[in-house]
Amino acid sequence: MITAERKPLSEIKEMIAPYKKILVAGCGSCVAECASGGEKEVGLLASALRMDAKMEGRKIEVNEITLDRQCVYEFIDQLTGLVGQFDVILSLGCGAGVQALADVFAGVIILPALNTAFIGQTKEAGLWIENCRACGDCKLGYFAAVCPITRCAKGLFNGPCGGSKDGKCETDPDAPCAWQLIIERLDKAGRLDLLQNVYPPADWSKQQGKGPRKIHREDQSI
Amino acid sequence: MKTDSRLKRVLEKGHFAVTAECGPPKGADPKVIKSKGKILKGFVDSVNVTDNQTGVVRLSSLAACVLLKKEGLDPVLQMTTRDRNRIALQSDILGASALGIRNVLCLSGDHQSFGNQPQAKGVFDVDSVQLVQLVRQMRDNGVILGGDKLSEPPRLFIGAVANPFADPFAYRAIRLGKKVAAGAEFIQTQCIYNLTRFNEWMDKVRDLGLDEKVYILGGITPLKSARMAEFMSKQVAGMDVPDEIINRMKSVPAREQRQEGIKIAIETIQALKEARGVHGVHIMAIEWEEAVPQLIEAAKLFPRPQV
Amino acid sequence: MDQKSAGLNITIFFCQQLDANQDANRRVLERELGSRIKFFPLPCSGRIEPLHLLRALETGADRVYLIICPEGACRYREGNLRARKRLAFAQGLIEEIGLEPQRLELIQTTQGDQLTIDQRAHDLLARKAAFGPNPAKLQGSRGQANNARTLEPMNPGTPDVYQGVHYDYSGKKTFI
Ligand code: SF4
Ligand code: SF4
Numbered sequence: 010m011i012t013a014e015r016k017p018l019s020e021i022k023e024m025i026a027p028y029k030k031i032l033v034a035g036c037g038s039c040v041a042e043c044a045s046g047g048e049k050e051v052g053l054l055a056s057a058l059r060m061d062a063k064m065e066g067r068k069i070e071v072n073e074i075t076l077d078r079q080c081v082y083e084f085i086d087q088l089t090g091l092v093g094q095f096d097v098i099l100s101l102g103c104g105a106g107v108q109a110l111a112d113v114f115a116g117v118i119i120l121p122a123l124n125t126a127f128i129g130q131t132k133e134a135g136l137w138i139e140n141c142r143a144c145g146d147c148k149l150g151y152f153a154a155v156c157p158i159t160r161c162a163k164g165l166f167n168g169p170c171g172g173s174k175d176g177k178c179e180t181d182p183d184a185p186c187a188w189q190l191i192i193e194r195l196d197k198a199g200r201l202d203l204l205q206n207v208y209p210p211a212d213w214s215k216q217q218g219k220g221p222r223k224i225h226r227e228d229q230s231i
Numbered sequence: 155m156k157t158d159s160r161l162k163r164v165l166e167k168g169h170f171a172v173t174a175e176c177g178p179p180k181g182a183d184p185k186v187i188k189s190k191g192k193i194l195k196g197f198v199d200s201v202n203v204t205d206n207q208t209g210v211v212r213l214s215s216l217a218a219c220v221l222l223k224k225e226g227l228d229p230v231l232q233m234t235t236r237d238r239n240r241i242a243l244q245s246d247i248l249g250a251s252a253l254g255i256r257n258v259l260c261l262s263g264d265h266q267s268f269g270n271q272p273q274a275k276g277v278f279d280v281d282s283v284q285l286v287q288l289v290r291q292m293r294d295n296g297v298i299l300g301g302d303k304l305s306e307p308p309r310l311f312i313g314a315v316a317n318p319f320a321d322p323f324a325y326r327a328i329r330l331g332k333k334v335a336a337g338a339e340f341i342q343t344q345c346i347y348n349l350t351r352f353n354e355w356m357d358k359v360r361d362l363g364l365d366e367k368v369y370i371l372g373g374i375t376p377l378k379s380a381r382m383a384e385f386m387s388k389q390v391a392g393m394d395v396p397d398e399i400i401n402r403m404k405s406v407p408a409r410e411q412r413q414e415g416i417k418i419a420i421e422t423i424q425a426l427k428e429a430r431g432v433h434g435v436h437i438m439a440i441e442w443e444e445a446v447p448q449l450i451e452a453a454k455l456f457p458r459p460q461v
Numbered sequence: 003m004d005q006k007s008a009g010l011n012i013t014i015f016f017c018q019q020l021d022a023n024q025d026a027n028r029r030v031l032e033r034e035l036g037s038r039i040k041f042f043p044l045p046c047s048g049r050i051e052p053l054h055l056l057r058a059l060e061t062g063a064d065r066v067y068l069i070i071c072p073e074g075a076c077r078y079r080e081g082n083l084r085a086r087k088r089l090a091f092a093q094g095l096i097e098e099i100g101l102e103p104q105r106l107e108l109i110q111t112t113q114g115d116q117l118t119i120d121q122r123a124h125d126l127l128a129r130k131a132a133f134g135p136n137p138a139k140l141q142g143s144r145g146q147a148n149n150a151r152t153l154e155p156m157n158p159g160t161p162d163v164y165q166g167v168h169y170d171y172s173g174k175k176t177f178i
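Protein chains in written order, with my numbering: chain A, 10 to 231; chain B, 155 to 461; chain C, 3 to 178.
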């Protein structure tokens, strides 16, 4: 899923300062799963903004809505007809959601309330870890399903570096060294032979070659 | 043709090589480099110039190498993959060769979060093993990544680093093998304080026959104080300073600790001279270049051979 | 002055395991104080959401208490621990807007105390009024924030109907 965290209230307040009628729009997908932009978080933020305005004697109107997905037109369409009643839409979607709203509602001010963080896994309740940078050329098959691009601080394809100690990464004593994991798992799988390979540099054009990437599939288009 | 790399000549002639490290200043003053060069000249075969070590911005490694070269030294250009992508790296390799630099040491580099630019974007477009391979390709095949031909290949003696003390230990010699397979011709190791561990690693290296394929220079950093020993043991990534070394440093009064540090370094060098498959030492006297000549003389590595 | 005489609005969320007769026991106080006191029994205090706490403040509470069962006594094992963390999270949020975090307070009961919910409420009402009225509550009758609205997604062309408050405290419902 895409993970995100709410921006500090002070930053959000600064962004919405010029506006009176605010629609806080959440997304029921990834950011709801990671408890940053779902219905509950929409409620919390809206409530906080209203109380904050009250305390400062400002008059604002804050309304709430949560779409099932903020990055898909069919769901965004539910806002059509509503957006005109607001000065600004404060989106609790990920970066893709914010931009999708802005694409659909040209001329409407859409502001992000979240800092979109990473593609990650729910490791345990309340703990999300990054494990994919969407490089466009997945190599997990060589690395025992541990992504060296994401989980090694230096993105080494031929690690580990000289800083790996007691299974921890040199950059963070709390973070496991990705290469220690790779080696352990390859060992268990009886595939230590894969470690002998000198892996060539990645083809980053698959990740950032010519600006934003797109996937276009005829069979899926109408 | 006689190579311009003094380091290569010394090693090929079978001498026990001595290299030292020189950290460029945090400023634009060339005098610092020159005076460090003067101290080392004649005592070492080659001088490594660090590349923004620990992610701290310093005068560039390439520029410092050129300054040392002008002073008559044989510089080793350290290149990390942290700060430059493959375009910049390959371009700098050509530039270094054109400026008469004849040795390069390929490494991934300390993570940027350690330095004074923690907000920098770490590049890591290629890793150290890949860098070795690409320099080797440039030199031997005259091609860059992707296959484009060079009008003139760079002339460089290619080195890499190894840390016998990092984890997972069992894999460390295999990783060295990868660097050798990628084309490394000489290896400089992490500072050695734990000789037992180093020897265990060398056993594996010899088992794999790597000592016959690559020149290995053992890393030496003379300790200045017991505090430094403790700091290195606890704070520096990838460093193994055993308690007995720390205790030995602590056992002498503060003003004698520098001498004790030199003594330990001399003993380590002696041990390395005896070790089969170790072809030299690499002395990293951090901001203490003055100690190097004394250390080299005391370790009976002076005078350096004429090659 | 105590909180009762100070006329403060109190909202009490509580684990209903604490008082088997809570339904009956709280009636007298509810009749006496009307909208000034609100009880919300929870099947387990772990069911509390930060949003409940914020909405309580927004819709008129001056003090909000969350009464949880004794340590280690949670029927659902870790519900009371979760309640503690959720309350702390909500405290952080109201602190961000400049409201005293202590307006939200966790009351951990002790093993073996047999107090009924109304006895506990009396104790809380008898406490010193450390804060005045909550400056962040919205105007209007308690239980209804005139500005708080959740919009239901609509189809294009039907842009008019706003729905009411999503969390309606006036109904004193149980959160399940
Ligand atoms: S190799 Fe690429 S696609 Fe696969 S997990 Fe890593 S970043 Fe994601
Ligand atoms: S310690 Fe491991 S994870 Fe960290 S940078 Fe080095 S190889 Fe990568």
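Since the hints were derived computationally from the structure, they do not count as laboratory data. Glycine residues also receive a C-beta, built at the ideal position from the N, C-alpha and C atoms. It is possible that part of the hints are untrue.
[As the list claims (entries may be wrong)] Incomplete in silico selection of chain A near chain C, CB under 7 Å:
{"#": "1", "residue": "18"}
{"#": "2", "residue": "60"}
{"#": "3", "residue": "66"}
{"#": "4", "residue": "120"}
Each hint tested on the structure:
1. At a threshold of 7 Å, the smallest CB-CB gap from residue 18 (chain A) to chain C is about 4 Å, leaving the interface hint in force.
2. Look at residue 60 (chain A): its Cβ gets to within about 3 Å of chain C, closer than 7 Å, so that hint holds up.
3. At about 9 Å, the closest approach between the beta carbon of residue 66 (chain A) and any beta carbon in chain C exceeds 7 Å, and the interface hint on this residue is violated.
4. Here the hint on residue 120 (chain A) is broken, as its CB sits about 18 Å from the closest CB of chain C, past 7 Å.
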